[in-house]
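Protein chains in written order, with my numbering: chain A, 1 to 233; chain B, 1 to 226; chain C, 1 to 226.
Don't take every hint at face value.
Distance condition first, Cα-Cα at most 27 angstroms in a straight line; then the derived DSSO-like pairs of lysine-lysine [as the list claims (entries may be wrong)]:
1. C:Lys69 / A:Lys61
2. B:Lys22 / A:Lys124
3. A:Lys164 / A:Lys109
4. C:Lys4 / A:Lys57
5. A:Lys75 / A:Lys109
Simulated from the structure, these hints should not be mistaken for laboratory data.
This structure is a prediction, so every number in the text was calculated from the model and none was measured.
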Amino acid sequence: MLAVEADRVWKYFGDYPALRGADLAVEPGSCLALLGRNGAGKTTFLRILANLSRPTKGDVKIFGDASRGAEARRKVGYLGHGIGVYDDLSAFENLLLFGELAGVQSPAKAAMEALERVGLARVKDGMAREFSRGMRQRLAVARAFLHKPEILLLDEPFTSLDDKAIAVLQSLLQDALRGGATIVMSTHQIREAMELATHVALLERGQIVHTGPRAQEMLNDPGWLYRTYGAQT
Amino acid sequence: MSGLQAAWAIARKDLRTELRTKESINAAASFALVILVLFSFAFDLGREELYAISGGLLWLVYSFAGALIVNRGFAREVPNDCLDVLLASPAPSWALFLGKSVSAFCLLVIVEAISLPVFGLFYNIRWTQNVGPLVLVILLATWGITVVGTAFSAVTVNVRLRELMLPVLLYPVLIPLLIGAMGTTTALFGGEALTGDNAAPLKLLVGFDAIYTALSLYLIEYVLIV
Amino acid sequence: MREKATYLLAILAAVVMIGNLHTVFTQLPDEAMQGAVYRIIFIHVPAAINADIFFTIALVTAILFLATKNFVYDSITVSCVEVGAMLTFLNLVTGSIWGRNQWGVWWAWDLRMTGQLMCFLLYMGYLLVRPAIAEPTQRATMSSIISIFAYADIPLVLMAIRLPNVRTQHPGPVLETGTLAPEFRGPFAIGILAMFLISSALVLVRLHQESAQREIDSLRRELHAR
Chain A
1 MLAVEADRVW KYFGDYPALR GADLAVEPGS CLALLGRNGA GKTTFLRILA
51 NLSRPTKGDV KIFGDASRGA EARRKVGYLG HGIGVYDDLS AFENLLLFGE
101 LAGVQSPAKA AMEALERVGL ARVKDGMARE FSRGMRQRLA VARAFLHKPE
151 ILLLDEPFTS LDDKAIAVLQ SLLQDALRGG ATIVMSTHQI REAMELATHV
201 ALLERGQIVH TGPRAQEMLN DPGWLYRTYG AQT
Chain B
1 MSGLQAAWAI ARKDLRTELR TKESINAAAS FALVILVLFS FAFDLGREEL
51 YAISGGLLWL VYSFAGALIV NRGFAREVPN DCLDVLLASP APSWALFLGK
101 SVSAFCLLVI VEAISLPVFG LFYNIRWTQN VGPLVLVILL ATWGITVVGT
151 AFSAVTVNVR LRELMLPVLL YPVLIPLLIG AMGTTTALFG GEALTGDNAA
201 PLKLLVGFDA IYTALSLYLI EYVLIV
Chain C
1 MREKATYLLA ILAAVVMIGN LHTVFTQLPD EAMQGAVYRI IFIHVPAAIN
51 ADIFFTIALV TAILFLATKN FVYDSITVSC VEVGAMLTFL NLVTGSIWGR
101 NQWGVWWAWD LRMTGQLMCF LLYMGYLLVR PAIAEPTQRA TMSSIISIFA
151 YADIPLVLMA IRLPNVRTQH PGPVLETGTL APEFRGPFAI GILAMFLISS
201 ALVLVRLHQE SAQREIDSLR RELHAR
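Modelling step: build the complete structure from the supplied sequences, incorporating the hints.
Here it is in structure tokens:
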């Protein structure tokens, strides 16, 4: 069974189609880098996969279940542009809340474990607003991984992170992959993404124009994919 | 995790952050007091006339305070894109809405409980003589204000000038609810019993609450996930 | 083709309206009690009836938009709400003129007029908030929700203004009882039809503008996406 399956997904903003029948199939255990230029529809597509937006046509399945259902969403961890934590709650309270919402067995224990993994256990009672930018980002990463999701949806994960947060995120992602999780990340920073990616998909003007295993050429030549498969130059 | 548990978790979260920062509750309570003081200058009334408008006065104060409280509702989720994370979680949209309505309800009830004795004091109104029925009317109408207010706070969350737009939407819809609450509250302040003509508005309040609670719970998914 | 249909409808509406006014002003006798001013009901009442019709259409198309995400329904909703609000305003103005003549005051808080005023305010909320939402899908979705919430309020408004303990000087509804004299019935029915035709022509014009606007918006986006 496919981990993520998008079937001819269309999304209109008014009369403008941001997605024009995008198809995607992600095998369990793979790490897919969703590449494309700004405005190609990466964020729109990822938001639909994460149930933050409703496709106009077409449908999305997570392990065979409709992506809108609670069953599918329990398996998904999402890290978007915003950090998605509350400034007026402590680090621990933040994770406790999301643990409860995600239906984790013992939310307090899961929250502590997650804090330790990102190196914030020492400041667990500190308010998120008092944290430095890097600490907030690590808290966001801890939040996304809290319920041990089988699928991780990451929107431009490396864009705004500092070095330490990138290292934490990379190691968490590698552990998750070893544990059999599936990752879909949108990015235009090809170099960082290629350290993890097993597969790539290229989104252009709302359509997936290429999907396949990561090619060796891409490691040294970020423009290769666009030149080979892109319709535009 | 059932939807109700998720709703409860959201309500606790909202109440905890609000009681910690006291952003909207302080603003709403002090606003209510200022309005109460202002009214005493707006009207120069004898005892009889004062009783005749007492229910109206109280509900104007409560609905103004209510707009301030519900304004924060979904706006609280805007910084850091917290709403996205809530929507990506397994918690259903209606549970998010219910949790937010419950927390707004609790906050408004707190503000009302603070301003009611002050109102009685300033205007020499003996509200304690009918306190049971009064509480019933206040709770029913307050739920109506907060459920519609929270729904509109979701509708306006991505709107320019949302603090202005929310009252524009909210007050016209609240008119029937407030008409019902005002009449009955006036009667209760006058020492009348909650029977006959005075009980008729209760049906309206219950109907209003039922219609808008059901509509909001059903439609909120369309509002939050566009 | 569509433009031609709109013109034809407008011409037809004008002919029916002018013909009917001719009948009303030259053929019908003065009313026994009110004299000449009663003729305003051939505008006043058709405006109210047609407002109800167009608000109801707006409700149906709002629901259809949420169900299908087809923007044509949203365009119909906004066109009908605008025309409905205009008709309600016409109803209020003509009612006020009639009231001035008959009761000596421009505004008397009579039940029907009060209800109409509240409807007007409800849909003003829709018309004010709509332009504040920039993204077309958001705008259409939120306006549809507002239209549903506004419509659900109408029965509650009607219930509230009839509550037995509402203590204001509201007189009972005018023309609640009594029937139209037989010779008035024909012009009255044609008046409703004329108003419906005019309003429909206006809705068609607005629909045309809406679809042109959507096309412009999408071309803009297309341009920016390049």
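Going through the hints against the structure:
1. C:Lys69 / A:Lys61: 21 angstroms, holds
2. B:Lys22 / A:Lys124: 23 angstroms, holds
3. A:Lys164 / A:Lys109: 24 angstroms, holds
4. C:Lys4 / A:Lys57: It is violated: about 34 angstroms lies between the C-alpha atoms, which goes past 27 angstroms.
5. A:Lys75 / A:Lys109: 19 angstroms, holds
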